[in-house]
Each structure stands twice: as C-alpha cells, then as structure tokens.
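Peer 1: Each chain is listed here by its residues.
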Amino acid sequence: MAIPVKLEAFEGPLDLLLHLIEKNKIDIYDIPIVEITEQYLDYIRQMDTEDMNVMSEFLVMAATLIDIKCKMLLPKEVNEEGEEEDPRAELVQKLLEYKMYKYMSFELRDKQMDAGRSLYREQHLPKEVEEYRPPVDYEALLADVSLSKLQEVFRFMMKRQEDKIDPVRSTFGRIEKDEVDMDRKVVYVEAFIRSHRRFSFRSLLEKQHSKMEIIVTFLVILEMMKLGQIDIEQQDICDDIIITSKVMAAG
Amino acid sequence: MNMERQKAEAVMEAVLFTMGESVEIARLAETIEESVKDTKAILADMKERYEREDRGITLIELEESVQLCTKPEMYEYLIKIAKTPKKYVLTDTLMETLSIIAYKQPVTRLEIERIRGVSCDHAINRLLEFNLITEVGRMDAPGRPLLFGTTEEFLRNFGVKSLDELPELNAVQIEEFKQQAEAEVQLQLDI
Amino acid sequence: MNMERQKAEAVMEAVLFTMGESVEIARLAETIEESVKDTKAILADMKERYEREDRGITLIELEESVQLCTKPEMYEYLIKIAKTPKKYVLTDTLMETLSIIAYKQPVTRLEIERIRGVSCDHAINRLLEFNLITEVGRMDAPGRPLLFGTTEEFLRNFGVKSLDELPELNAVQIEEFKQQAEAEVQLQLDI
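Chains as they are written, first to last, in numbering that gives the first Met the number 0: chain A, 0 to 250; chain B, 0 to 190; chain C, 0 to 190.
Calculated directly from the structure, the hints in this document are not laboratory data.
Values in this document were obtained by computation on a predicted structure and should not be read as measured data.
Certain hints may be false.
Unchecked claim - With a straight-line Cα cutoff of 20 Å, these simulated SDA-like cross-link-like pairs (lysine to any residue) come out:
id, chain 1, residue 1, chain 2, residue 2
1, A, K245, A, M223
2, C, K6, C, K46
3, C, K79, B, K70
4, B, K39, C, P166
5, C, K6, B, Y49
Start from the sequences and build out the full structure, keeping to the hints where you can.
Peer 2: Okay, here's the thing in structure tokens:
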C-alpha cells in the first residue's frame, strides 16, 4: 500500500527513521532492522524530490540500514573485551541524541509561546536627548589593533582560502584555475563555424575541456544567435542542437 | 555623593523606559553612581514593586542587562489594542537547529549537521538573520570552523534570564534513557 | 462586570507602555470596559502616583488622549547615559571583515562573503556604525551591488595618511602562499 508522504514532512533521514520506529511502537534500542529498512526504502521510493542534496542524505541513511542488516546476518563481531558488538549500537546512539534535541526543541517552543506574551517598547528618545549620538571610543575599540595586525589577519584569511581546497580531492593533484577568455572563445567558435558550416552543438562541446569552457562556449553561441550570425534548430527537448552558419551561407 | 534611593529608582525607570532595549546593569550603575552590586539590589526592589497588581509593566533580566516589558498576563488586552510585535515563525528545522545550538554552544555547523543528519546552512542563515544566534568565534581546528552561540534576543524570545535557565531534559528521562541503555548492553539480535 | 480597579490600572499602563505614542482615552475605556468618565478618574489617580519621587515616567494628557513619557527632570541622566561611549569590541569577525575591506576596496558584500565563507551583514553593519567603513558607490554589475571602502576615521585610527601606506601584501608573499599550498598537497601525495 502506498503511503502518501512528502519528503518535506521529515526533517531528515533520522527524523524519518524515528517516525517509523514510533509508528511501529518499537523500542528504540531494539530496532528490528529488516522491517525498518524495508519500510524506510518504501518511503524513499515514494519520495518525489528533485533536490539531490536532500535525496542523497536519505539514501545514505538507507545504505546505513542495509549495511547494518548485512552485518546482522554475518557472524557477530567481538570487540577487544570479548563482548559482542551490536551493529545497531552506533545508530541507536545517533537516534537517541537526535531524539533528545528534537524533544528539547518542543520544550523551547513552549517557552517561546509563553515569552511571546510580553511586549517591549521601541527606543524613544526625547528630542533633547536624541541629538546626542553615542560617540565611539576608538581608543578602546582599537586598543589591540594595529596595522600589522590588520595585515596579518588579511594574510591569514587569504592563506585560509588557498587551503580551503578539499583535503581529499586536493591529493588528486593540482587544481588549476580556469581562465577562459570570452573574446578568444569567440574567435575559436567562429573558426569552428567556418570549417564546419553546419554542425551539432554537442560536437562543439566535446572539444571543450572544462565546465567553464563549456559555459563560455554556450554564451558565445547565444550571442552569435542574437546577432543573427547563426541559425539554431532543435527537434525536441534534449535533442542535439544543430547550428548553421548564416554568414557563411551568404558569403 | 550618591543620589538618594528614590531618585535612583526614578532615574533607572526613566532610562529603561526611554531606551526600550535592554541596558547593561553596569551602565545603569554608572548613571546612578552606585556600585553594580547596589544597583542590582535597587533593581530587585523595583522589580518587586512592579510585580504588584496595579502595575502593567515589569523588569526582566537578561544576563547582565535589564529591560522593561509588559507582564505576560496583559497580553490578551494588548493584542486588542496594540500592534502585535513581529513574530518569528520558527519552522521545525529552525527549532531543531536552534535547540542544538542552545544546548551545545559553542558549536560548529558540522556538529549540528552530524546530529540532525541533514545540512543546515539555510537554517543557520535564517537564525542569524533573526538575530537568535551569532558567530561566537572559531574553533581551533583545521579550517578554523565558525562557532555559533545564542544571543540576548534568544534569551528574550524564550523568556529565560540566562542559559542556565534553559529547560532541562528532566532527570527522570535521562535516567530512563540510561537504564534502557544499560539493560540493552546486549541487544537481542532479532532479525 | 467591570474588571477591578487595580487590574484596570495595570492594563492601561501596559497599553500605554507598548503603544509608545498617545492613546485615545475612549480606546482605553473600551479596553478596560469602563466609561470614559471613570477611565479619566482612574488616569488621574495613576498620574498622581506617577508624580511621586521614585518614578521616572509620568502621564501626560493631550486633548482626549494620554501618553506615557519620561519626566523632564530626567533628561540630564538620559543625556549622560547616551553620552557614555558604549563598550564596543572589535571581534575576530569584525577584524576579518575590516581587513578584507581595507585591502580589497572597493569591494562588494558578496566578495567579502566569498572570502570569509559566511555571511557578513552583521559585521558590515557594525563597521558602518563605527564609521570605520562606508559605502563608496555601486558596482556596475547586475543588481548594482554596493561597494564598501574604509573611511578617514579608519586612516586616522590606524595612523596612516592614505591607503597607499597600508602594509603591502606583496607579490612575493602571495606566491609563497601558493607554493606552500602546493607543497602541502605534494606532502599528502607522498604519504
């Protein structure tokens, strides 16, 4: 039976898992992983979302559940103290922690409702007082700040930005900064058109090496279309785009 | 010489009334030329008097500041006549993120995401916008991630004087959780 | 039935406090469910009590309205508190934002956020308030974003005559950063 549920109804994968546990009236410490995994996957199948970020978070949880399911079918692992390790333990810990904060968020909401019953007053300075603007005490404000400190902070930040390269991906090698010159791309595309006259957009893109190059190439094509230098046809959405040179045909 | 007690009360009431927003007790003390300790004592007396039945306003304390506000029981009369203040509509996402920040502060974005299991950029930005949370520094860890904490606006919004007054996960519940955990050291593997 | 006298006074105080501006007596009468005449009598009593020495606020009547306001003799204290420079702190966040603006000016909010990796609305507002930075124009780009730069106040406080005197981040240093970053990457490859 299909259960009409929208993904948005859940705060995240843990929330969905908690919902399933509560719906089945199961002790959180004793989750029947097989059933829950199946129900979880059922939900995910019905989810209608285009947001890959959101979807991937749910899928990671599903994978975790399946991983636990697999581990439970295998001989039990034993830790250093000779105790059996329950593959669910980590998940239970996570769920409990999440559950606690979720619970506290309801408590806080109650607090907020109560507190919302007190009203405040906007600042209302009498004219005579208003004319005085509180001066900024620069000496106190900038007590420990010097030019060299300012420079140091800036250097530090620029360095941090350089270091921000993903530590995993950065080991794949040097990451080059894409510098694509629009003007040079125009020259390139014009040359391409001269030599091909009629060609598919895809064949042009295949010769581009980076995302930035593809974007700039696309922009150049749009520009040339606007200027009436080329004709563009496309049979159907997602079909290849055929580009024909008008200038060359005339000349 | 210090001004008289009555005068001091009058001055503080005038200042708090005029400013509207919260005023640091230290600044009030300077204005009435008293020590912070004595100022606090005077404020406590004032609060006691505000609490009487014929008063519609009272004092609230927020960390080391005080502010005048209407008594909660006046709300039903006020909504009839006064424009109600802008209310933040905090979605579940925002509430969950906020409660993690409130209880775990100072806390990084990553830690919040670990607990909630989903990204929280949007929630953090909204909470920053509402001035319920603020950047409180950076963690001494790779990438020096930002640390977030709650603001005075948060205290005001949730009616607590200080972070110590946040509702606690009650002892009974925590104990229950613990006992369950202990009992389940060996979870039954009922696939 | 009418609410009790004390309650009526409290309600009116709360209403007048919240509204800030003057409120018609007829509206107050409606709120406390009394006749205008009786309401006026209650207000007169209230005013008498506000006039006592330990109060900093009082009631003023304007035609058929009333308003809460600070007693004029309190002005000198209000000015005194307004004059005391607030204790401001240049937090790390402010310092970082300021240094980016100093070195990259004129610079947009977006560019600052790109470098810091977080939103900087609050920091920019504080720096504007401190008059250390100012809006210097708009960028000729979609949305015409504001451009920020440092002020004379900034120069004066950092003891430089012009921006040219800011310690330079020279090309050699920038190159160094790059090499360091590359070396670090290389190190990780070697492991």
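Peer 1: Please write out, lowest number first, the hints stated earlier that are contradicted by the structure.
Peer 2: Result: hints 3 and 4 break, sorted rising.
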